[in-house]
Amino acid sequence: MEPMREPSTALREALRRAIREQLGTSPVDDAKLEELRQSLLYVLRATPALPGAMAADQQNRAQVATELDSVLNEFRHRH
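Position one of the sequence shown corresponds to residue 808 (the working numbering), numbered consecutively onward.
Fair warning: there could be bad hints in the mix.
[Claimed, not checked] Pairs of lysine to aspartate or glutamate residues, derived as DMTMM-like cross-links and limited to a Cα-Cα distance of at most 25 Å, are as follows: (1) K839 to E820; (2) K839 to E881; (3) K839 to E874; (4) K839 to E813; (5) K839 to E828.
Rather than coming from a laboratory, the hints here were simulated on the basis of the structure.
Since the structure is predicted, the reported quantities are computational estimates derived from the model, not experimental observations.
I would like the entire structure built from these sequences, with the hints used as guidance.
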């Protein structure tokens, strides 16, 4: 069993993994990273919120968007 991690650490790792999978063996460039960013932000906006949980949902989406930008910046600076 994996040790428990802070939610933001787990979220960052999930985002890193998703981005790596999407990039595959392609070279990392700003245009591709921005395309991935826009796609993921679209999904965040387009997915309906759970009834009765609008405030928490908006807070969670904002956290995902913030972490996404942070992880994408890691990719930009590494490559």
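Hints, one by one, checked against the model:
A hinted pair counts as satisfied when its Cα atoms are at most 25 Å apart, and K839 with E820 qualifies at roughly 19 Å. A C-alpha spacing of about 14 Å is found between K839 and E881, which places the hinted pair at or below 25 Å, so the restraint holds. Note on K839 and E874: the hinted pairing holds, with a Cα-Cα distance of about 18 Å set against a maximum of 25 Å. Between K839 and E813, the direct Cα distance comes to roughly 29 Å. Violation of the 25 Å bound is thereby established for this hinted pair.
Among the hinted pairs, K839 with E828 is consistent with the structure: their alpha-carbon atoms are about 13 Å apart, no more than 25 Å.
Taken one by one, the earlier hints fail for this structure only at number 4.
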